[in-house]
Amino acid sequence: MFDTRQMPKAPALTSAPPARTLALWCPSWPVEAARRSLGSAAPPRLALIAKGRVIAVSPEAEDESVTIGLRLREAQTRCPDLTVLAHDPAVDERWFAPVLQAVERVVPHVHLIEQGALAVRITGAARFYGSEDAVVELLLDQLAELHLDDVRMAVADGVFLAEQVARNTTVDCPVTNLPSPQTAAFLRTLPVSTVAAAVGDPALAETLRRMGIRNLGAFAKLPRAQVHSRFGEAGRRAHQLAWGEDSPVLPTHPIPDDFTVQAVCEHPSNDAALITRISEPIAATLTDRLRTRSLVCHEVRITLTTSAGHLHERTWRHAWPFTTHDITERVRWQLEDLATHAHRSDRSDGVTVVEIVAESPTQAAAHAPGLWGERPDQHITQMVVSLQRDLGHGAVRSATLAGGRLLHERHSTRPWGDSPPRHDARDRPWPGTLPGPRPATVFDSAQPALVHDAGGNPVVVDARGGLEAAPATWRPAHDDSRARQVVAWNGPWPVRQHWWQKPLALNRFQIVDDSGEAWLLLATDDGWWIEARYD
1 MFDTRQMPKA
11 PALTSAPPAR
21 TLALWCPSWP
31 VEAARRSLGS
41 AAPPRLALIA
51 KGRVIAVSPE
61 AEDESVTIGL
71 RLREAQTRCP
81 DLTVLAHDPA
91 VDERWFAPVL
101 QAVERVVPHV
111 HLIEQGALAV
121 RITGAARFYG
131 SEDAVVELLL
141 DQLAELHLDD
151 VRMAVADGVF
161 LAEQVARNTT
171 VDCPVTNLPS
181 PQTAAFLRTL
191 PVSTVAAAVG
201 DPALAETLRR
211 MGIRNLGAFA
221 KLPRAQVHSR
231 FGEAGRRAHQ
241 LAWGEDSPVL
251 PTHPIPDDFT
261 VQAVCEHPSN
271 DAALITRISE
281 PIAATLTDRL
291 RTRSLVCHEV
301 RITLTTSAGH
311 LHERTWRHAW
321 PFTTHDITER
331 VRWQLEDLAT
341 HAHRSDRSDG
351 VTVVEIVAES
361 PTQAAAHAPG
371 LWGERPDQHI
381 TQMVVSLQRD
391 LGHGAVRSAT
401 LAGGRLLHER
411 HSTRPWGDSP
421 PRHDARDRPW
431 PGTLPGPRPA
441 TVFDSAQPAL
451 VHDAGGNPVV
461 VDARGGLEAA
471 PATWRPAHDD
481 SRARQVVAWN
491 GPWPVRQHWW
501 QKPLALNRFQ
511 IVDDSGEAWL
521 LLATDDGWWI
531 EARYD
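Each residue of the sequence shown is one higher than the one before, counting from 1 in our numbering.
The reader is advised that the hints may include incorrect statements.
[As the list claims (entries may be wrong)] Have a look at the derived ranges for each label pair, beta carbon to beta carbon:
1. Met211 / His253: 51 to 61 Å
2. His325 / Asp390: 16 to 26 Å
3. Gln447 / Ile255: 54 to 64 Å
4. Arg230 / Ala399: 49 to 59 Å
5. Asp288 / His228: 38 to 48 Å
6. Pro17 / His109: 35 to 45 Å
7. Pro448 / Thr77: 41 to 51 Å
8. Ala488 / Gly456: 40 to 50 Å
9. Thr77 / Ala144: 36 to 46 Å
10. Pro191 / Ala399: 28 to 38 Å
Don't read these hints as lab results, they were simulated from the structure.
For glycine and all other residues, C-beta sits at the position ideal for the given N, C-alpha and C.
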(Lines of atoms letter the chains of each structure in order from A and count residues from 1; the text may use other names and numbers.)
(Lines give C-alpha, C1' and ligand atoms only; values in the text may rest on other atoms or scores of the structure.)
Protein backbone atom coordinates (compact mmCIF):
# COMPACT_ATOMS: atom_id res chain seq x y z
CA MET A 1 0.00 0.00 0.00
CA PHE A 2 1.05 3.57 -0.60
CA ASP A 3 1.69 5.87 2.33
CA THR A 4 0.09 9.18 1.33
CA ARG A 5 -0.14 10.81 4.76
CA GLN A 6 2.82 13.03 3.99
CA MET A 7 2.82 14.45 0.47
CA PRO A 8 6.39 14.81 -0.82
CA LYS A 9 7.83 17.80 -2.51
CA ALA A 10 8.79 17.60 -6.16
CA PRO A 11 11.66 15.12 -6.54
CA ALA A 12 14.95 16.66 -7.46
CA LEU A 13 15.71 16.55 -11.18
CA THR A 14 18.36 14.00 -11.98
CA SER A 15 19.01 15.41 -15.47
CA ALA A 16 18.70 18.59 -17.49
CA PRO A 17 15.26 20.20 -17.73
CA PRO A 18 13.03 19.08 -20.61
CA ALA A 19 13.62 20.65 -24.01
CA ARG A 20 11.24 23.26 -25.29
CA THR A 21 9.31 21.26 -27.87
CA LEU A 22 6.85 21.87 -30.68
CA ALA A 23 4.39 19.04 -31.33
CA LEU A 24 2.34 18.71 -34.51
CA TRP A 25 -0.75 16.51 -34.56
CA CYS A 26 -3.16 15.67 -37.39
CA PRO A 27 -6.42 14.32 -35.88
CA SER A 28 -7.76 11.09 -37.39
CA TRP A 29 -4.72 10.76 -39.60
CA PRO A 30 -5.53 7.18 -40.78
CA VAL A 31 -8.83 8.48 -42.20
CA GLU A 32 -7.11 11.49 -43.78
CA ALA A 33 -4.47 9.23 -45.37
CA ALA A 34 -7.14 6.84 -46.68
CA ARG A 35 -9.08 9.74 -48.20
CA ARG A 36 -5.96 11.07 -49.91
CA SER A 37 -5.24 7.66 -51.39
CA LEU A 38 -8.82 7.44 -52.74
CA GLY A 39 -8.87 10.98 -54.12
CA SER A 40 -12.23 12.40 -55.18
CA ALA A 41 -13.78 8.94 -54.87
CA ALA A 42 -13.37 9.03 -51.08
CA PRO A 43 -16.77 8.59 -49.37
CA PRO A 44 -17.81 11.02 -46.63
CA ARG A 45 -18.80 8.36 -44.10
CA LEU A 46 -15.68 6.30 -43.71
CA ALA A 47 -14.37 3.97 -41.01
CA LEU A 48 -11.16 1.97 -40.80
CA ILE A 49 -11.08 -1.37 -39.02
CA ALA A 50 -8.43 -3.67 -37.64
CA LYS A 51 -9.14 -7.06 -36.04
CA GLY A 52 -12.86 -6.54 -36.50
CA ARG A 53 -13.09 -3.22 -34.63
CA VAL A 54 -13.23 0.42 -35.68
CA ILE A 55 -9.92 2.21 -35.06
CA ALA A 56 -10.56 5.46 -36.97
CA VAL A 57 -13.68 7.22 -38.14
CA SER A 58 -14.46 10.30 -40.24
CA PRO A 59 -16.38 13.25 -38.70
CA GLU A 60 -19.39 12.51 -40.93
CA ALA A 61 -19.53 8.92 -39.66
CA GLU A 62 -18.97 10.11 -36.10
CA ASP A 63 -22.11 12.24 -36.44
CA GLU A 64 -23.97 8.96 -37.07
CA SER A 65 -22.78 7.60 -33.68
CA VAL A 66 -19.96 5.49 -35.15
CA THR A 67 -17.20 5.55 -32.56
CA ILE A 68 -13.77 4.02 -32.14
CA GLY A 69 -13.85 0.56 -30.59
CA LEU A 70 -17.17 -0.57 -32.08
CA ARG A 71 -17.39 -3.95 -33.73
CA LEU A 72 -17.87 -3.90 -37.47
CA ARG A 73 -21.46 -5.13 -37.44
CA GLU A 74 -22.50 -2.63 -34.76
CA ALA A 75 -20.91 0.25 -36.73
CA GLN A 76 -22.76 -0.77 -39.91
CA THR A 77 -26.01 -1.02 -37.97
CA ARG A 78 -25.65 2.54 -36.70
CA CYS A 79 -24.70 3.87 -40.14
CA PRO A 80 -26.01 1.68 -43.01
CA ASP A 81 -24.22 3.70 -45.72
CA LEU A 82 -20.89 3.51 -43.90
CA THR A 83 -17.89 2.64 -46.08
CA VAL A 84 -15.51 0.31 -44.25
CA LEU A 85 -11.88 -0.18 -45.23
CA ALA A 86 -9.16 -2.30 -43.66
CA HIS A 87 -6.53 -0.15 -41.97
CA ASP A 88 -3.24 -0.14 -43.86
CA PRO A 89 -0.32 1.32 -41.86
CA ALA A 90 1.68 1.61 -45.09
CA VAL A 91 -0.85 4.16 -46.39
CA ASP A 92 -0.49 6.22 -43.20
CA GLU A 93 3.29 6.22 -43.54
CA ARG A 94 3.26 7.01 -47.25
CA TRP A 95 1.09 10.11 -46.95
CA PHE A 96 2.75 11.38 -43.78
CA ALA A 97 6.22 11.35 -45.38
CA PRO A 98 5.58 14.72 -47.16
CA VAL A 99 4.65 16.25 -43.79
CA LEU A 100 7.96 15.10 -42.31
CA GLN A 101 9.82 16.53 -45.29
CA ALA A 102 7.99 19.88 -45.03
CA VAL A 103 8.82 20.23 -41.32
CA GLU A 104 12.43 19.21 -41.95
CA ARG A 105 12.82 22.17 -44.34
CA VAL A 106 12.10 24.57 -41.45
CA VAL A 107 13.39 22.72 -38.36
CA PRO A 108 15.91 19.86 -38.64
CA HIS A 109 15.93 16.62 -36.63
CA VAL A 110 12.28 15.59 -36.58
CA HIS A 111 11.06 13.13 -33.93
CA LEU A 112 8.20 10.87 -35.10
CA ILE A 113 5.71 10.19 -32.30
CA GLU A 114 3.41 8.13 -34.53
CA GLN A 115 2.07 8.39 -38.05
CA GLY A 116 0.13 11.65 -37.85
CA ALA A 117 2.09 13.18 -34.96
CA LEU A 118 5.65 14.51 -34.69
CA ALA A 119 7.78 16.73 -32.49
CA VAL A 120 10.82 18.98 -32.94
CA ARG A 121 13.09 20.75 -30.53
CA ILE A 122 12.27 24.42 -31.02
CA THR A 123 14.85 26.27 -28.91
CA GLY A 124 17.48 26.65 -31.62
CA ALA A 125 14.94 27.36 -34.36
CA ALA A 126 13.32 30.06 -32.19
CA ARG A 127 16.68 31.80 -31.81
CA PHE A 128 17.30 31.55 -35.56
CA TYR A 129 13.88 32.77 -36.71
CA GLY A 130 13.33 35.22 -33.86
CA SER A 131 10.67 33.56 -31.69
CA GLU A 132 8.64 30.43 -31.16
CA ASP A 133 5.62 32.05 -32.82
CA ALA A 134 7.73 32.77 -35.90
CA VAL A 135 8.64 29.08 -36.19
CA VAL A 136 4.97 28.13 -35.96
CA GLU A 137 4.06 30.60 -38.72
CA LEU A 138 6.77 29.23 -41.01
CA LEU A 139 5.59 25.68 -40.45
CA LEU A 140 2.01 26.64 -41.20
CA ASP A 141 3.15 28.22 -44.47
CA GLN A 142 5.06 25.07 -45.43
CA LEU A 143 2.14 22.78 -44.58
CA ALA A 144 -0.34 24.96 -46.48
CA GLU A 145 1.08 23.53 -49.71
CA LEU A 146 0.00 20.05 -48.62
CA HIS A 147 -3.65 21.15 -48.18
CA LEU A 148 -4.13 19.42 -44.82
CA ASP A 149 -7.66 19.81 -43.51
CA ASP A 150 -6.83 19.89 -39.79
CA VAL A 151 -3.41 20.52 -38.23
CA ARG A 152 -2.87 21.19 -34.52
CA MET A 153 0.33 22.55 -32.96
CA ALA A 154 1.52 23.16 -29.44
CA VAL A 155 4.72 24.40 -27.82
CA ALA A 156 5.53 23.21 -24.29
CA ASP A 157 8.27 21.69 -22.12
CA GLY A 158 9.03 18.19 -23.37
CA VAL A 159 7.56 15.84 -25.96
CA PHE A 160 4.91 14.35 -23.67
CA LEU A 161 3.53 17.68 -22.53
CA ALA A 162 3.62 19.24 -26.00
CA GLU A 163 1.75 16.28 -27.47
CA GLN A 164 -0.93 16.43 -24.78
CA VAL A 165 -1.39 20.16 -25.27
CA ALA A 166 -1.72 19.65 -29.03
CA ARG A 167 -4.33 16.94 -28.51
CA ASN A 168 -6.32 19.33 -26.30
CA THR A 169 -6.50 22.08 -28.92
CA THR A 170 -9.66 22.77 -30.91
CA VAL A 171 -10.47 23.54 -34.52
CA ASP A 172 -11.18 27.17 -33.58
CA CYS A 173 -7.83 27.49 -31.74
CA PRO A 174 -5.44 24.98 -33.39
CA VAL A 175 -2.20 26.48 -31.99
CA THR A 176 -1.29 26.75 -28.28
CA ASN A 177 1.89 27.98 -26.61
CA LEU A 178 2.09 26.80 -23.00
CA PRO A 179 4.59 28.82 -20.91
CA SER A 180 6.78 26.86 -18.52
CA PRO A 181 5.15 28.26 -15.32
CA GLN A 182 1.80 26.79 -16.40
CA THR A 183 3.15 23.26 -16.85
CA ALA A 184 2.20 21.96 -13.39
CA ALA A 185 -1.35 23.32 -13.57
CA PHE A 186 -1.95 21.68 -16.97
CA LEU A 187 -0.46 18.33 -15.92
CA ARG A 188 -2.70 18.06 -12.87
CA THR A 189 -5.82 17.89 -15.07
CA LEU A 190 -4.67 15.08 -17.36
CA PRO A 191 -6.09 11.57 -16.83
CA VAL A 192 -3.71 8.81 -15.77
CA SER A 193 -4.34 7.03 -19.08
CA THR A 194 -2.11 9.60 -20.83
CA VAL A 195 1.07 8.60 -18.99
CA ALA A 196 0.10 4.92 -19.13
CA ALA A 197 -0.08 5.16 -22.92
CA ALA A 198 3.17 7.13 -23.06
CA VAL A 199 5.10 4.39 -21.21
CA GLY A 200 3.30 1.56 -23.02
CA ASP A 201 1.59 0.05 -19.98
CA PRO A 202 -2.24 0.23 -20.27
CA ALA A 203 -2.64 -1.91 -17.13
CA LEU A 204 -1.07 0.91 -15.10
CA ALA A 205 -4.04 3.20 -15.75
CA GLU A 206 -6.54 0.50 -14.82
CA THR A 207 -4.74 -0.24 -11.54
CA LEU A 208 -4.56 3.44 -10.61
CA ARG A 209 -8.25 3.95 -11.34
CA ARG A 210 -9.11 1.05 -9.04
CA MET A 211 -7.06 2.80 -6.35
CA GLY A 212 -9.18 5.92 -6.85
CA ILE A 213 -6.44 7.86 -8.67
CA ARG A 214 -7.97 9.52 -11.72
CA ASN A 215 -5.59 12.31 -12.75
CA LEU A 216 -1.88 13.08 -12.76
CA GLY A 217 -2.24 15.51 -9.88
CA ALA A 218 -3.20 12.68 -7.55
CA PHE A 219 -0.65 10.34 -9.11
CA ALA A 220 2.19 12.82 -8.61
CA LYS A 221 1.49 12.91 -4.86
CA LEU A 222 2.48 9.25 -4.49
CA PRO A 223 6.05 8.62 -3.28
CA ARG A 224 8.21 7.78 -6.26
CA ALA A 225 10.13 5.03 -4.48
CA GLN A 226 6.92 3.16 -3.72
CA VAL A 227 5.60 3.72 -7.25
CA HIS A 228 8.83 2.28 -8.61
CA SER A 229 8.62 -0.69 -6.26
CA ARG A 230 4.99 -1.42 -7.17
CA PHE A 231 4.95 -0.72 -10.94
CA GLY A 232 8.57 -1.15 -11.96
CA GLU A 233 10.45 0.98 -14.46
CA ALA A 234 7.30 1.89 -16.40
CA GLY A 235 5.71 3.27 -13.22
CA ARG A 236 8.81 5.28 -12.37
CA ARG A 237 8.88 6.78 -15.87
CA ALA A 238 5.15 7.60 -15.69
CA HIS A 239 5.69 9.32 -12.33
CA GLN A 240 8.46 11.44 -13.86
CA LEU A 241 6.15 12.54 -16.66
CA ALA A 242 3.45 13.40 -14.13
CA TRP A 243 5.98 15.77 -12.51
CA GLY A 244 6.92 17.28 -15.90
CA GLU A 245 10.36 15.62 -15.93
CA ASP A 246 10.73 14.81 -19.61
CA SER A 247 13.89 13.99 -21.53
CA PRO A 248 16.00 16.90 -22.79
CA VAL A 249 16.88 14.85 -25.90
CA LEU A 250 14.53 14.01 -28.76
CA PRO A 251 15.38 10.86 -30.73
CA THR A 252 15.30 11.85 -34.38
CA HIS A 253 13.53 9.97 -37.16
CA PRO A 254 15.22 9.50 -40.53
CA ILE A 255 13.38 11.53 -43.14
CA PRO A 256 12.49 9.31 -46.09
CA ASP A 257 14.20 10.22 -49.34
CA ASP A 258 11.99 11.93 -51.87
CA PHE A 259 11.62 9.40 -54.68
CA THR A 260 8.51 11.04 -56.11
CA VAL A 261 8.46 12.65 -59.56
CA GLN A 262 5.58 14.38 -61.31
CA ALA A 263 4.73 15.44 -64.83
CA VAL A 264 1.99 18.05 -65.26
CA CYS A 265 0.11 18.33 -68.56
CA GLU A 266 -0.55 21.89 -69.67
CA HIS A 267 -3.93 20.77 -71.00
CA PRO A 268 -5.91 17.66 -69.99
CA SER A 269 -5.25 14.93 -72.52
CA ASN A 270 -6.37 11.41 -73.39
CA ASP A 271 -3.53 10.85 -75.86
CA ALA A 272 -1.56 7.92 -74.43
CA ALA A 273 1.41 8.52 -76.73
CA LEU A 274 1.67 12.18 -75.70
CA ILE A 275 1.43 11.46 -71.98
CA THR A 276 3.96 8.63 -72.29
CA ARG A 277 6.45 11.02 -73.94
CA ILE A 278 5.89 13.53 -71.13
CA SER A 279 6.47 10.79 -68.54
CA GLU A 280 9.75 9.54 -69.99
CA PRO A 281 11.92 12.45 -68.67
CA ILE A 282 10.59 12.12 -65.13
CA ALA A 283 11.13 8.35 -65.24
CA ALA A 284 14.75 9.04 -66.21
CA THR A 285 15.02 11.54 -63.36
CA LEU A 286 13.75 8.94 -60.89
CA THR A 287 16.17 6.22 -62.02
CA ASP A 288 19.08 8.72 -61.95
CA ARG A 289 18.11 9.76 -58.43
CA LEU A 290 18.13 6.13 -57.33
CA ARG A 291 21.44 5.47 -59.07
CA THR A 292 23.19 8.40 -57.38
CA ARG A 293 22.19 6.95 -54.00
CA SER A 294 23.31 3.43 -55.01
CA LEU A 295 19.74 2.14 -54.84
CA VAL A 296 17.51 0.03 -57.05
CA CYS A 297 13.77 -0.34 -57.09
CA HIS A 298 11.59 -3.37 -57.81
CA GLU A 299 8.27 -1.64 -57.15
CA VAL A 300 6.84 1.64 -58.47
CA ARG A 301 3.51 3.31 -57.81
CA ILE A 302 1.98 5.26 -60.67
CA THR A 303 -0.89 7.68 -60.05
CA LEU A 304 -2.83 9.32 -62.87
CA THR A 305 -4.93 12.34 -61.87
CA THR A 306 -7.72 13.49 -64.20
CA SER A 307 -9.22 16.92 -64.64
CA ALA A 308 -12.31 15.77 -62.71
CA GLY A 309 -10.14 14.83 -59.71
CA HIS A 310 -10.26 11.06 -60.21
CA LEU A 311 -7.18 9.10 -59.17
CA HIS A 312 -6.11 5.99 -61.04
CA GLU A 313 -3.40 4.43 -58.86
CA ARG A 314 -1.61 1.17 -59.40
CA THR A 315 1.50 -0.47 -57.99
CA TRP A 316 3.73 -2.25 -60.47
CA ARG A 317 6.32 -4.82 -59.43
CA HIS A 318 9.19 -6.27 -61.39
CA ALA A 319 11.51 -9.19 -60.71
CA TRP A 320 14.51 -7.01 -61.67
CA PRO A 321 15.38 -3.36 -61.03
CA PHE A 322 13.20 -0.95 -62.97
CA THR A 323 14.83 0.93 -65.84
CA THR A 324 13.55 4.11 -67.45
CA HIS A 325 12.07 2.04 -70.29
CA ASP A 326 10.34 -0.33 -67.85
CA ILE A 327 8.70 2.55 -65.97
CA THR A 328 7.59 4.30 -69.17
CA GLU A 329 6.04 1.09 -70.44
CA ARG A 330 4.04 0.75 -67.21
CA VAL A 331 2.75 4.29 -67.61
CA ARG A 332 1.56 3.45 -71.13
CA TRP A 333 -0.14 0.24 -69.99
CA GLN A 334 -1.89 2.08 -67.16
CA LEU A 335 -3.10 4.73 -69.60
CA GLU A 336 -4.55 1.98 -71.78
CA ASP A 337 -6.32 0.52 -68.75
CA LEU A 338 -7.63 3.95 -67.84
CA ALA A 339 -9.04 4.44 -71.34
CA THR A 340 -11.25 1.36 -70.93
CA HIS A 341 -12.25 2.04 -67.32
CA ALA A 342 -15.94 2.50 -66.56
CA HIS A 343 -15.75 6.14 -65.49
CA ARG A 344 -13.77 7.03 -68.65
CA SER A 345 -16.93 7.20 -70.75
CA ASP A 346 -16.60 10.98 -70.52
CA ARG A 347 -13.70 11.61 -72.91
CA SER A 348 -13.41 15.22 -71.73
CA ASP A 349 -11.98 13.99 -68.42
CA GLY A 350 -8.33 14.01 -69.48
CA VAL A 351 -5.19 13.25 -67.51
CA THR A 352 -3.57 16.28 -65.90
CA VAL A 353 -0.86 14.85 -63.62
CA VAL A 354 1.32 11.73 -63.78
CA GLU A 355 3.06 10.85 -60.51
CA ILE A 356 5.65 8.07 -60.16
CA VAL A 357 6.95 6.90 -56.77
CA ALA A 358 9.72 4.39 -56.14
CA GLU A 359 8.49 2.10 -53.37
CA SER A 360 10.88 0.38 -50.92
CA PRO A 361 14.19 0.92 -52.75
CA THR A 362 17.05 -1.36 -51.71
CA GLN A 363 20.82 -1.21 -51.90
CA ALA A 364 22.20 -1.90 -55.36
CA ALA A 365 25.05 -3.93 -53.86
CA ALA A 366 22.54 -6.66 -52.94
CA HIS A 367 21.54 -7.04 -56.59
CA ALA A 368 24.85 -7.50 -58.36
CA PRO A 369 24.57 -9.07 -61.85
CA GLY A 370 25.15 -12.81 -62.06
CA LEU A 371 27.63 -14.59 -64.30
CA TRP A 372 25.31 -14.42 -67.31
CA GLY A 373 23.67 -11.10 -66.45
CA GLU A 374 21.06 -9.93 -63.98
CA ARG A 375 17.96 -11.19 -65.80
CA PRO A 376 16.91 -14.00 -68.19
CA ASP A 377 17.06 -13.76 -71.95
CA GLN A 378 15.56 -10.47 -73.13
CA HIS A 379 13.25 -12.23 -75.61
CA ILE A 380 11.76 -14.36 -72.83
CA THR A 381 11.26 -11.31 -70.65
CA GLN A 382 9.56 -9.39 -73.45
CA MET A 383 7.27 -12.32 -74.24
CA VAL A 384 6.18 -12.74 -70.61
CA VAL A 385 5.70 -8.99 -70.15
CA SER A 386 3.64 -8.83 -73.35
CA LEU A 387 1.41 -11.65 -72.12
CA GLN A 388 1.01 -9.88 -68.81
CA ARG A 389 0.09 -6.66 -70.58
CA ASP A 390 -2.50 -8.35 -72.82
CA LEU A 391 -4.00 -10.77 -70.28
CA GLY A 392 -3.68 -8.71 -67.10
CA HIS A 393 -1.20 -8.42 -64.27
CA GLY A 394 -2.43 -11.50 -62.44
CA ALA A 395 -2.83 -13.76 -65.48
CA VAL A 396 0.85 -14.74 -65.75
CA ARG A 397 1.98 -16.31 -62.52
CA SER A 398 5.08 -17.91 -61.03
CA ALA A 399 5.17 -20.63 -58.38
CA THR A 400 6.98 -20.67 -55.08
CA LEU A 401 7.15 -22.88 -52.01
CA ALA A 402 4.82 -22.07 -49.12
CA GLY A 403 3.97 -23.40 -45.68
CA GLY A 404 1.41 -26.10 -44.95
CA ARG A 405 0.83 -29.67 -43.85
CA LEU A 406 -0.69 -31.14 -47.00
CA LEU A 407 1.41 -31.22 -50.15
CA HIS A 408 -0.99 -29.19 -52.29
CA GLU A 409 -0.73 -26.41 -49.67
CA ARG A 410 3.06 -26.28 -49.99
CA HIS A 411 3.04 -24.31 -53.25
CA SER A 412 1.52 -20.95 -54.03
CA THR A 413 1.49 -18.72 -57.08
CA ARG A 414 1.85 -14.97 -57.44
CA PRO A 415 1.80 -12.59 -60.42
CA TRP A 416 5.03 -12.82 -62.39
CA GLY A 417 7.49 -10.18 -61.22
CA ASP A 418 5.88 -9.67 -57.80
CA SER A 419 8.18 -9.93 -54.83
CA PRO A 420 7.65 -12.96 -52.54
CA PRO A 421 5.64 -12.43 -49.33
CA ARG A 422 7.52 -10.63 -46.58
CA HIS A 423 6.46 -13.16 -43.94
CA ASP A 424 7.68 -16.51 -45.18
CA ALA A 425 5.70 -19.35 -43.58
CA ARG A 426 8.01 -22.13 -44.77
CA ASP A 427 10.21 -21.93 -41.67
CA ARG A 428 7.33 -22.11 -39.21
CA PRO A 429 6.64 -25.35 -37.38
CA TRP A 430 4.06 -27.47 -39.21
CA PRO A 431 3.24 -30.49 -37.01
CA GLY A 432 2.16 -33.35 -39.23
CA THR A 433 3.95 -32.17 -42.35
CA LEU A 434 5.55 -34.81 -44.55
CA PRO A 435 9.31 -35.18 -44.04
CA GLY A 436 11.62 -35.48 -47.03
CA PRO A 437 12.30 -36.72 -49.54
CA ARG A 438 8.97 -35.56 -50.87
CA PRO A 439 7.07 -37.02 -53.85
CA ALA A 440 7.89 -35.58 -57.26
CA THR A 441 4.31 -35.61 -58.58
CA VAL A 442 1.65 -33.87 -56.48
CA PHE A 443 -1.92 -33.89 -57.76
CA ASP A 444 -3.87 -30.62 -57.78
CA SER A 445 -6.74 -32.42 -56.09
CA ALA A 446 -6.59 -35.79 -54.36
CA GLN A 447 -7.82 -38.70 -56.48
CA PRO A 448 -10.11 -41.34 -54.92
CA ALA A 449 -8.66 -44.81 -54.31
CA LEU A 450 -9.80 -48.22 -53.12
CA VAL A 451 -7.70 -50.08 -50.51
CA HIS A 452 -8.63 -53.59 -49.36
CA ASP A 453 -7.24 -56.20 -47.00
CA ALA A 454 -6.46 -59.82 -47.85
CA GLY A 455 -10.13 -60.74 -47.46
CA GLY A 456 -11.30 -58.09 -49.93
CA ASN A 457 -12.75 -55.81 -47.24
CA PRO A 458 -12.09 -52.04 -47.22
CA VAL A 459 -9.28 -51.06 -44.86
CA VAL A 460 -10.53 -48.75 -42.11
CA VAL A 461 -8.50 -46.58 -39.73
CA ASP A 462 -10.12 -46.19 -36.31
CA ALA A 463 -10.17 -43.04 -34.18
CA ARG A 464 -6.96 -44.03 -32.41
CA GLY A 465 -5.06 -44.52 -35.69
CA GLY A 466 -5.17 -48.32 -35.62
CA LEU A 467 -5.86 -50.72 -38.51
CA GLU A 468 -8.18 -53.69 -38.26
CA ALA A 469 -6.24 -55.38 -41.08
CA ALA A 470 -3.17 -54.58 -43.14
CA PRO A 471 -3.65 -53.25 -46.70
CA ALA A 472 -3.15 -56.01 -49.27
CA THR A 473 -4.43 -54.58 -52.57
CA TRP A 474 -5.26 -51.17 -53.95
CA ARG A 475 -6.17 -49.34 -57.15
CA PRO A 476 -7.33 -45.89 -58.23
CA ALA A 477 -11.11 -45.69 -58.01
CA HIS A 478 -11.43 -44.43 -61.61
CA ASP A 479 -9.18 -47.24 -62.95
CA ASP A 480 -10.98 -50.44 -63.90
CA SER A 481 -7.76 -52.43 -64.23
CA ARG A 482 -6.84 -55.21 -61.87
CA ALA A 483 -6.13 -54.48 -58.23
CA ARG A 484 -2.45 -53.96 -57.48
CA GLN A 485 -0.74 -55.97 -54.80
CA VAL A 486 0.74 -53.96 -51.90
CA VAL A 487 4.36 -55.05 -51.58
CA ALA A 488 5.30 -52.69 -48.70
CA TRP A 489 3.52 -50.02 -46.72
CA ASN A 490 4.20 -47.58 -43.88
CA GLY A 491 1.90 -45.56 -41.65
CA PRO A 492 -0.37 -44.24 -40.48
CA TRP A 493 0.85 -40.68 -39.79
CA PRO A 494 -2.02 -38.60 -38.40
CA VAL A 495 -2.65 -35.04 -39.56
CA ARG A 496 -4.95 -32.84 -37.47
CA GLN A 497 -5.67 -29.22 -38.40
CA HIS A 498 -8.42 -26.60 -38.46
CA TRP A 499 -9.67 -27.81 -35.10
CA TRP A 500 -11.48 -24.50 -34.48
CA GLN A 501 -13.74 -24.81 -37.53
CA LYS A 502 -14.45 -27.68 -39.93
CA PRO A 503 -11.77 -29.89 -38.38
CA LEU A 504 -9.70 -31.94 -40.80
CA ALA A 505 -8.52 -35.34 -39.53
CA LEU A 506 -6.70 -37.75 -41.83
CA ASN A 507 -3.91 -40.32 -41.85
CA ARG A 508 -1.05 -40.64 -44.32
CA PHE A 509 0.25 -43.94 -45.75
CA GLN A 510 3.14 -44.75 -48.03
CA ILE A 511 2.73 -47.86 -50.15
CA VAL A 512 4.74 -49.67 -52.82
CA ASP A 513 2.79 -51.88 -55.25
CA ASP A 514 3.87 -54.83 -57.36
CA SER A 515 4.57 -52.60 -60.38
CA GLY A 516 7.41 -50.95 -58.46
CA GLU A 517 5.62 -47.58 -58.05
CA ALA A 518 5.44 -45.78 -54.70
CA TRP A 519 2.41 -43.72 -53.66
CA LEU A 520 1.32 -41.40 -50.88
CA LEU A 521 -2.26 -42.10 -49.80
CA LEU A 522 -4.62 -40.34 -47.42
CA ALA A 523 -7.17 -42.18 -45.29
CA THR A 524 -10.16 -40.11 -44.18
CA ASP A 525 -13.66 -40.74 -42.92
CA ASP A 526 -14.81 -40.51 -46.58
CA GLY A 527 -12.41 -43.19 -47.82
CA TRP A 528 -8.95 -43.33 -49.37
CA TRP A 529 -7.33 -40.73 -51.61
CA ILE A 530 -4.15 -40.46 -53.69
CA GLU A 531 -2.18 -37.38 -52.70
CA ALA A 532 1.07 -37.88 -54.64
CA ARG A 533 3.34 -40.33 -56.45
CA TYR A 534 7.04 -40.98 -55.94
CA ASP A 535 8.74 -40.93 -59.36
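- prompt: What are the numbers of the hints that this structure violates, sorted from low to high?
  reply: 1, 5, 6, 8 and 10
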